[in-house]
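Taken in order, these protein sequences are the chains called Y and E.
Okay, so the first sequence: first residue is 7 according to the working numbering, each after it adds one.
Okay, so the second sequence: first residue is 51 according to the working numbering, each after it adds one.
Hints listed in this document are in silico derivations from the structure and should not be mistaken for laboratory results.
Even for Gly, the Cβ is constructed at its ideal location relative to N, Cα and C.
Wrong hints could be hidden among the right ones.
Not close to chain Y: a few residues of chain E, all C-beta gaps over 12 Å, as computed [said to hold, decoys possible]:
| no. | residue |
| --- | --- |
| 1 | Gln-213 |
| 2 | Gln-288 |
| 3 | Glu-469 |
| 4 | Glu-497 |
| 5 | Asp-509 |
| 6 | Val-531 |
| 7 | His-545 |
| 8 | Ile-546 |
Simulated crosslink set (BS3-like; lysine-lysine; CA at most 30 Å straight-line) [to be verified]:
| no. | chain 1 | residue 1 | chain 2 | residue 2 |
| --- | --- | --- | --- | --- |
| 9 | Y | Lys-76 | E | Lys-481 |
| 10 | E | Lys-303 | E | Lys-175 |
| 11 | E | Lys-618 | Y | Lys-196 |
| 12 | E | Lys-378 | E | Lys-439 |
| 13 | E | Lys-285 | E | Lys-500 |
| 14 | E | Lys-481 | Y | Lys-106 |
| 15 | E | Lys-439 | Y | Lys-106 |
| 16 | Y | Lys-76 | E | Lys-439 |
Okay, the calculated bits of chain Y under chain E, using three or more residues with CB under 8 Å as the criterion [what the hints assert, rightly or not]:
| no. | region |
| --- | --- |
| 17 | 237-249 |
| 18 | 279-288 |
| 19 | 300-310 |
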Amino acid sequence: MSATGSTPASVIEESLPQEGWPAAGEDVPPGIGPYRLAWRRLRRNKVALAFGGLFLVIVILCLLAPVYAKHVAHTGPNTENVDTALNQFGVPLGPTWHAKYFLGADNVGRDVAVRLLYGGRNSLEIGFEATLITIVLATLLGVLSGYFRGPLDGFISRAFEVIWPYPVYLLGIVLGVVLEISGLDLGLFKIGGSSLLITALVIGVIYTPYVGKAIRGQVLGLREREFIDAARQQGLGNMRIMYEEVLPNVASTIIVFIPLVLANAILTEAGLSFLGAGVRPPNPSWGTMISEGINLLPSAIHTMLVPGIMLVLCVLGINVFGDGVRDALDPRAKIRIDH
Amino acid sequence: MQKLTRPIMASALALAVVIALAACGSSNSSSTSSSAAASSSKTTSSSTTSNGTTATVVIGTFPQSLDPSIDFTTQGGEVHWLTYLGPYSFAHASGTAGTQIIPSVATTMPTVSDGGKTYAFTIRKGLTYSNGAPVKASDLTFGIERALKLGWSAASFLTSTIQGAAAYSKGTAKTVSGITTNDATGQTTIHLVSPYGAFLDILAVPGVSYMPAATTPMKPEPNSPPVGFGPYVIKNVQNNVGYDLALNPSYAKQAIPGIPAGHLNIHFSIQSNTTTEASMVLNNQADVFDWGDTIPPSLIQQVSGLSDRFKAVQTNKTFYWFLNVTEKPFSSQLAREAVMIATDRPALARLGSGALVPGCYLLPPQMTGHPTGPCPYGIDPNSTPDVAKAKQLVQQSGMAGQAVTVWAENRQPRLEWAENYAATLNAIGFKATLKTIADADYFSTIETLKNHPQTGFADWQQDFPNPTDFYQNLVDGNAIVPIGNSNYEEVNDPHIQSVLKSLYPVPASQIATVASQWQALDTYVSQKAYVVPYGYLSSPEFVSNKINFGAIVFSPLEGNDFSSLQFK
Numbered sequence: 007m008s009a010t011g012s013t014p015a016s017v018i019e020e021s022l023p024q025e026g027w028p029a030a031g032e033d034v035p036p037g038i039g040p041y042r043l044a045w046r047r048l049r050r051n052k053v054a055l056a057f058g059g060l061f062l063v064i065v066i067l068c069l070l071a072p073v074y075a076k077h078v079a080h081t082g083p084n085t086e087n088v089d090t091a092l093n094q095f096g097v098p099l100g101p102t103w104h105a106k107y108f109l110g111a112d113n114v115g116r117d118v119a120v121r122l123l124y125g126g127r128n129s130l131e132i133g134f135e136a137t138l139i140t141i142v143l144a145t146l147l148g149v150l151s152g153y154f155r156g157p158l159d160g161f162i163s164r165a166f167e168v169i170w171p172y173p174v175y176l177l178g179i180v181l182g183v184v185l186e187i188s189g190l191d192l193g194l195f196k197i198g199g200s201s202l203l204i205t206a207l208v209i210g211v212i213y214t215p216y217v218g219k220a221i222r223g224q225v226l227g228l229r230e231r232e233f234i235d236a237a238r239q240q241g242l243g244n245m246r247i248m249y250e251e252v253l254p255n256v257a258s259t260i261i262v263f264i265p266l267v268l269a270n271a272i273l274t275e276a277g278l279s280f281l282g283a284g285v286r287p288p289n290p291s292w293g294t295m296i297s298e299g300i301n302l303l304p305s306a307i308h309t310m311l312v313p314g315i316m317l318v319l320c321v322l323g324i325n326v327f328g329d330g331v332r333d334a335l336d337p338r339a340k341i342r343i344d345h
Numbered sequence: 051m052q053k054l055t056r057p058i059m060a061s062a063l064a065l066a067v068v069i070a071l072a073a074c075g076s077s078n079s080s081s082t083s084s085s086a087a088a089s090s091s092k093t094t095s096s097s098t099t100s101n102g103t104t105a106t107v108v109i110g111t112f113p114q115s116l117d118p119s120i121d122f123t124t125q126g127g128e129v130h131w132l133t134y135l136g137p138y139s140f141a142h143a144s145g146t147a148g149t150q151i152i153p154s155v156a157t158t159m160p161t162v163s164d165g166g167k168t169y170a171f172t173i174r175k176g177l178t179y180s181n182g183a184p185v186k187a188s189d190l191t192f193g194i195e196r197a198l199k200l201g202w203s204a205a206s207f208l209t210s211t212i213q214g215a216a217a218y219s220k221g222t223a224k225t226v227s228g229i230t231t232n233d234a235t236g237q238t239t240i241h242l243v244s245p246y247g248a249f250l251d252i253l254a255v256p257g258v259s260y261m262p263a264a265t266t267p268m269k270p271e272p273n274s275p276p277v278g279f280g281p282y283v284i285k286n287v288q289n290n291v292g293y294d295l296a297l298n299p300s301y302a303k304q305a306i307p308g309i310p311a312g313h314l315n316i317h318f319s320i321q322s323n324t325t326t327e328a329s330m331v332l333n334n335q336a337d338v339f340d341w342g343d344t345i346p347p348s349l350i351q352q353v354s355g356l357s358d359r360f361k362a363v364q365t366n367k368t369f370y371w372f373l374n375v376t377e378k379p380f381s382s383q384l385a386r387e388a389v390m391i392a393t394d395r396p397a398l399a400r401l402g403s404g405a406l407v408p409g410c411y412l413l414p415p416q417m418t419g420h421p422t423g424p425c426p427y428g429i430d431p432n433s434t435p436d437v438a439k440a441k442q443l444v445q446q447s448g449m450a451g452q453a454v455t456v457w458a459e460n461r462q463p464r465l466e467w468a469e470n471y472a473a474t475l476n477a478i479g480f481k482a483t484l485k486t487i488a489d490a491d492y493f494s495t496i497e498t499l500k501n502h503p504q505t506g507f508a509d510w511q512q513d514f515p516n517p518t519d520f521y522q523n524l525v526d527g528n529a530i531v532p533i534g535n536s537n538y539e540e541v542n543d544p545h546i547q548s549v550l551k552s553l554y555p556v557p558a559s560q561i562a563t564v565a566s567q568w569q570a571l572d573t574y575v576s577q578k579a580y581v582v583p584y585g586y587l588s589s590p591e592f593v594s595n596k597i598n599f600g601a602i603v604f605s606p607l608e609g610n611d612f613s614s615l616q617f618k
């Protein structure tokens, strides 16, 4: 604090959310738990809810892709209609705003609207799977390394540091191309090279260090707290302490990371697919659709623009909602400049 | 992890930028394409625009190798025929005149004796390589031995014809015994295993060339190609980025009649996105479009209206699907017939920007031996296929439900063609999936025999005007080799072998006398559906407005003759 008694202009480093402590001046009914408190705050954040709703609408639309394809467009995502949807020079139809080719056709005469929804399914599926993989792996490794420290922490931290410095896309391309050729044989189960799970696995592993390091840092602080000591004094084993004491205290951190990782996973999938290292043709994803559409930019801009806008809206929805979740769980955890 | 700023404003701004860039139709030459990272699409930073002495050529794929002892691609051939002259060359002329053979390092056409088994010629005196070393007769022996040692992709042209070449290739001989030379007199004599009518064409193919035996290493030199003799020298090779053809200062005073010195230096720039490639030439940021590529659908209408800069040239180039006959389902004749019938040739023509002429025979229309009769099985290449009949055949074959991997080159429109083909295979009852390979690696991958590609994209541009060129490489059982294999179907049909044995010795000058036999063979191959030809592509002669279009020589074999390029 400065001599005048006010906090000087400075960037206050973002801290990880605590346990939903009320903000200064916030009127909190007695006995309300931190998650219910967070939910109250989130409900008051209309913007976050609106964008969360936008994302939900996109998810629902994508889930309804088979219904749209069968009952509205009457075509599949990979059905080509070269003779009817392309002119003699191969230029595709633009948006008709009717049931068939509502958003136009693509470079091989497929319905863009149908592929958009099916592509969304693939992109979202990979996004959710990758997020799950990241969160599970990061939580497991972060908690173990932060709690036990010593050689285990050393090993896990070094593993994070090996992955961390690589540019995400470079690593993703290398892993994606290698695993696409050979698939993944883990003994108990085998994943074919063309499976979406390969892409999800690659993205999930790449983002694990980002979340794992944050969780590890938090656990390092938690393990020195009195309630952990008390649990040890009571004779609880390490596994039980981690499960009953440590994990609940990092839960809010994990919850905040979920939308952030999801947004990044969807964007990364789009990028890898764009570069040919993610979803493989003819399967649709927003990234492959943008890649195919780039070649038609001068004459059929809709083929690139439509999936691009969808991607932006989806990621925007998750990001704004994720901001709201973070603010709700810990309103004091902000990046701000105080004057 | 990305930091969050004001997400709404940031995202809106990002979206606005994307829309603005898209609307402006940016043709930024550093844009990436859909190729996998193995194939770079960067351009060199030095010159994507031409200056007064250098023209820029944009090509879609880096050559297989800039070492002529390895490469056998159109991208390599158009460079090597100007940098590594052999005893003979194809005339630097457009149209049919461009298929004529002229003496190059040799003084005159060869003396053929011993029933067509001996070729003798003398090389010109006083010729020097670009480094000043004298060109010697024995350098041809060295050049051929180097091609055999390094696994030249067309080595079967040599091993099946020249005495001792096969033994040398296998490592059981120290030299190719069938070639004798006298450096003092320049006399060269080549003895063949048996008469081979197209041997003079082989001697004119880029790759059969002179190299200084004393200084050229017997190992691949793709980044620093060996010294050669020709109007140009290769310089500044940056793998997958670009290279230069610089005028050979010593060539002009010893220029071979019919093989002129060039006017401009040439800079080659790789741009694997064909839309960007065409846009660069359209906007005069580059001077010449790769004749091996297709003008994309989005620009073909605009480009084809520029008659002072664009012409579609019919070259003898066949596009086809290969069907590997050694494994299911294409070990079945009925399954192959089904694919032949179901292939949607009009659709493939549309996907090829309308530049593909639908067809069903391996030999292209302007090649001697192209059948004049209708396609087999009642196929009309200009009509929608009979998918129901094809489905029935698949059921009869017992191969319904078989998994099929379609190998595809990750390049427009070849990827679109392959997607359509995979959809066709699924429609007739197979379970087809695409396996896309970066364009720079595609052919070397499918040419590796141990990969046993099941089916996929292939094409063949004529190297010389003789059906032998197509058959010896693509369907001759003797052409099946572990590396550099172009008989992707792995077909070894006794009838084909027997007919080829009788047709190979026919001299090129008498090819018309056996045209009907070639036609019958080509019809047979279509009926057997070892390959499924779907069309013949015209090649684009497309330049910037700085180039003197009327002065360009467009060889039917090597494409744009860069030595003829001149600025207006």
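message = Tell me the numbers of any earlier hints that the structure contravenes, in ascending order.
response = Those not satisfied are hints 3, 11, 13 and 17.
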